[in-house]
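Let the sequences and hints guide you as you build the complete structure.
Protein chains in written order, with this note's numbering: chain U, 733 to 981; chain S, 733 to 981; chain G, 733 to 981; chain W, 733 to 981; chain L, 733 to 981; chain D, 733 to 981.
Hints are supplied without guarantee of correctness; some may be wrong.
One copy or two, either will do: identical chains are not told apart, so a pair holds if it fits within one copy or between any two.
[What the hints assert, rightly or not] Dumping the calculated DSS-like pairs for lysine-lysine here, alpha-carbon to alpha-carbon at most 27 angstroms:
| hint | residue 1 | residue 2 |
| --- | --- | --- |
| 1 | K911 | K787 |
| 2 | K939 | K966 |
| 3 | K756 | K939 |
| 4 | K911 | K977 |
By construction, these hints were calculated from the structure, which means they are not laboratory data.
6 protein chains.
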Amino acid sequence: MSESKEQNAVRTDGREVDALRPVKCEVDFAAAAKGSVLIAMGRTRVLCGVTVDEKVPGWMRAQKVPGGWITSEYSMLPYASADRMRRESSSGKVGGRTHEIQRLIGRSLRAVVDLEKLGPRSFWVDCDVIEADGGTRTASITGAYIALRLAVNRMLEEGLLEEDPILDQVAAVSVGVVKDRPLLDLCYEEDFAAEVDMNVVMTASGKFIEVQGTAEESPFSSTALNEMLALARKGIDELAAIQRKVIGG
Amino acid sequence: MSESKEQNAVRTDGREVDALRPVKCEVDFAAAAKGSVLIAMGRTRVLCGVTVDEKVPGWMRAQKVPGGWITSEYSMLPYASADRMRRESSSGKVGGRTHEIQRLIGRSLRAVVDLEKLGPRSFWVDCDVIEADGGTRTASITGAYIALRLAVNRMLEEGLLEEDPILDQVAAVSVGVVKDRPLLDLCYEEDFAAEVDMNVVMTASGKFIEVQGTAEESPFSSTALNEMLALARKGIDELAAIQRKVIGG
Amino acid sequence: MSESKEQNAVRTDGREVDALRPVKCEVDFAAAAKGSVLIAMGRTRVLCGVTVDEKVPGWMRAQKVPGGWITSEYSMLPYASADRMRRESSSGKVGGRTHEIQRLIGRSLRAVVDLEKLGPRSFWVDCDVIEADGGTRTASITGAYIALRLAVNRMLEEGLLEEDPILDQVAAVSVGVVKDRPLLDLCYEEDFAAEVDMNVVMTASGKFIEVQGTAEESPFSSTALNEMLALARKGIDELAAIQRKVIGG
Amino acid sequence: MSESKEQNAVRTDGREVDALRPVKCEVDFAAAAKGSVLIAMGRTRVLCGVTVDEKVPGWMRAQKVPGGWITSEYSMLPYASADRMRRESSSGKVGGRTHEIQRLIGRSLRAVVDLEKLGPRSFWVDCDVIEADGGTRTASITGAYIALRLAVNRMLEEGLLEEDPILDQVAAVSVGVVKDRPLLDLCYEEDFAAEVDMNVVMTASGKFIEVQGTAEESPFSSTALNEMLALARKGIDELAAIQRKVIGG
Amino acid sequence: MSESKEQNAVRTDGREVDALRPVKCEVDFAAAAKGSVLIAMGRTRVLCGVTVDEKVPGWMRAQKVPGGWITSEYSMLPYASADRMRRESSSGKVGGRTHEIQRLIGRSLRAVVDLEKLGPRSFWVDCDVIEADGGTRTASITGAYIALRLAVNRMLEEGLLEEDPILDQVAAVSVGVVKDRPLLDLCYEEDFAAEVDMNVVMTASGKFIEVQGTAEESPFSSTALNEMLALARKGIDELAAIQRKVIGG
Amino acid sequence: MSESKEQNAVRTDGREVDALRPVKCEVDFAAAAKGSVLIAMGRTRVLCGVTVDEKVPGWMRAQKVPGGWITSEYSMLPYASADRMRRESSSGKVGGRTHEIQRLIGRSLRAVVDLEKLGPRSFWVDCDVIEADGGTRTASITGAYIALRLAVNRMLEEGLLEEDPILDQVAAVSVGVVKDRPLLDLCYEEDFAAEVDMNVVMTASGKFIEVQGTAEESPFSSTALNEMLALARKGIDELAAIQRKVIGG
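Dropping the structure here:
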């Protein structure tokens, strides 16, 4: 890998092609939430908080589905990126991108949870991006797992839950192809220049929850797909280790 | 493959695991559109129509991006599925799923088009689902390509376009895992029962435009991912052949 | 009337002043609907589908009105006319014209139905215009009756309805005054040029359900009103005969 | 007509079948409007006000249509009828009925005005119902004409208009069939019980601008139609005389 | 006070600095409302009407709060001021200013009412501004009290209420600083020129319900605050006397 | 004041009646904003960020008002308080309370700024409440001043502004009456129990920008008003000192 280091000179922050940005987590940042974390991946920073409603969504009641549900809301603070974005509450509509991300976060968490064991409750996972430098949806998922884990731990301690409903860890990372080279964990500048952009959500045990690869410019080959998947796997392993350390125990 | 046939008895319509549903296309169905097709994949039927606006979206004008753009709108007729769905124009909001699909269709077409050669125009590709039996977004993409191809052919004939802006064919198909077995082109019943659901958008030349795999119930392995990708490749090849036949020439 | 034939040379499509455009109906076009028809009146084509909800609207429940209800939704596909129209689900609001038409279709059907005999159900009649060349609201009503008749026939066969709730046939046609001459069944070009525009909804038994006459440019006389009503009567008789033939039996 | 008087005992307010309710007009009620009138027809009371914008709607500018435009907004105060209605500004959407009425008022006024002579201006005619006892849309039209006439008179005096753009008077009245008897100017109770409900907008010179007849319960015959039209004609004549008297001069 | 009269020459309408504009009230203006008044303060005119719903808001039912509630809706007719304002029902959103005023009116009335004695009812107080010449929110409160008092009186007479729920009178007035001089009851022109604008809501017994003072241009001193409060007190005393006289008895 | 200390035992957190909660400020918390601070007043924590648009609002351009503008947006994170609040972007409407607060923050800042010196720019001040324990609007104003001061300092350093547009400091604090005793800086529990609730916005030089006092339960006397104003003055002095220290220099 000595050669690749030289090549890496093209990554603007000097990282190796297969290196994550520095990850920092400040747990229990929002004291009124059941669980929360301020997660930073490089300059991307997301505040993730979990609240618990003691009732399930209407459709679950109507269909008498047992257990609970996990829903996510994702939002960017208006000053998160260089150009001010209009707050969606002011414009009165939630954009397609926001919807897509919210659904992805919710799905990713539900895939590692035994929903029946949640009891008849709704877990809301809010992800608010304070700074955006690429990878906000993957940082949101990685942080959302931590906030959920903290909330569940608290509820187990308080006797609100009897059994641990969480079956596995989940983390997410972006990979992509920039100038024909597969890269792990793209920052905004790299994401902007990427020919292919892929988000991978995986469990700590190495299984896929979501694979979303998009050709931004021109279609990509099977070889590129496989190289990106290998990088993603490496990144997820490292993120899962960080999650365990942050949550402690 | 004689063994698999027996196994296939579990596919409710008697198909092989790697077989597409019957595909039928009625071109020029909507005479006022520039290009249109009523595409059927089994019982799933989608009406795809292309209209052309002689101006580009505001952001292109503002940023002085040369060339044109392709946008898609996707909609389900209220009686397309067993349970009546409320028309989004009546409820006053377009759901997250609809947004996601619209963005996917637009992206898939743009990936095989040289946008500069479109001239300063917006191409609108409308996909209206008349019957939904699984795979509506993939049928929409496969049909949308046909409608776009027909529209472009007409514009070339009329001298509105000088050069062909279309670089490759694009088609899409769903694959999934049902009862641990990878299947091609899921109908609604299979989709509902699937442990993993994946949509693949590819070019006729075998490159990926979009790979979206989702664990509906529990995370999936690398092996399952590879088997699904192989099935998708086979399906896309067959769809591309049908597209060529339908368009004629 | 031999003189008038010569005069008719001014109708762009060569029709007599008192002639309908060619009518074609493809029944059961949308298989997932309870009843459906693709009706064409000249180049105007509307897809009419009926779905049935096993519950009545909230206000009926609240007021304990016995029986059922019939509601209509009307929509134009964006490429139905020469200029692309923005889909109402995208713009987020349903226009006044659409509301007016939906209310008219619903009212027209309810006037020939014994609502009590529907049982506690909501019948939704969706009319989606695939091509618009004038007279979309009247074609919608004429087609909607066919779709409703088919749906009711199926429900009678299936034993879901015991008695036939339909009391009479309903059809609709436009009439107008163009260059001082009353015309039957205006196409778009004629409608655009019309001094007076009138829609008439009648039963097969010759009674009025709705008469809507509007001076587009300058007020009109009693004589013009009477001539238009006579033309409408003739058109409705012909449409009712076509309906009977299409439904069969 | 001595016989009919006896029959008339069924009209709750003792009116003849062909009598209008008492009409009262208080002109210049809203001093900040260019022209205004508080019109009462029996217990139905509508405040009509005209304001003038020194610019035309966007579509007129875009299409370079010469002259001006007249638009109407219609609203019911929440306490106008027995049951409080939710204010449309609070519910955030304007209902179909409101749209229909607004369009009707605007169309009726434009039919008696030479729009070119208005100059490049938008005339807004606001009709706010203070009490609703049937016939609010027809009272709105009759009052709107008065408010418009007063506004135009003031603008002629002020030299803002050079020529009178108003070509004829317009008034409107409801007619209907209650218990098989045609009646003029239905109050709410009669309107509620009516088998047929018709609104007629006419000029003082006896020409039709709008005829809207609706079977509320069961379809109606040609004879009924003709009787209603005759009653309407009588009512319009009387209203036009009142308008002239109120405006004075 | 002979000196101040001379100074007063600067008030455009010749009023003393501590004088209210002429107040006129026409009670029972909207006969379908439970209580109503058309109140004029100078050229500002507001129509206030009360309707009663025999149910409480959802949150009261949910929390089992005993008694009733009072809610207000405030609206400006489009021609109320010189520049036509778009009707909020048309623009589809209620502005911040309107919300603020509605909440203020509701709060002010509730502060002088024993809500338990209202019984399980919602009182809606609608304030529609017919002409706006400054002080519309304070005129609305002063008129709303009259309309509420009339509605309650009627309900006491009808036996719908057993005990009088109203504990005190409430009235409101604006004060401000214009060219360094504190003034009572600002008209639009004065309000527009004011350095400080304050609305005071008080009871007839001299207690405060609301004090809202805003520096429009530059911050203001304690001295100015005290002078304005004294003027407000004087104005409220006079308005309370007028209210008693109007209500009679 | 030795007596009052004993009395203070009723303040749940042991504070004196005239004591602020502990104030902490973390400046430059959101690096992508022009200026930002995370301010805490006791458990209430608000993230304030300023972004700058190089254009003024449409109404300023239209009216050719020279200089710039300051606008505020206020939002509560859904988990900020004990009960989850629905995100306004999801419900699709911004509530009345939010509007009121946004307008107040904007007005308060504009009152201490020479808008002309801002140049043709819009300053957006976003206040996002991370934890809410009473006094979120006043903490927002106090923090917003700091964020604005930091943003302006940076723009002065960068040469984007030539002269300092800020004329004075502004801070805000709540006061109220609880169990007949005036208190400074109410926490949520005190605010909930308060008979009177008042927010005061003042400059460091001791002038008022806004005084908003509301009787929550029963009207309040002049004496109570004066006592509250004195407490507010003391609180503002302390907050202004903290602001100066935090900004440094």
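Against the earlier hints, flag every one the structure doesn't satisfy and list their numbers going up. Hints 1 and 4 contradicted; others consistent.
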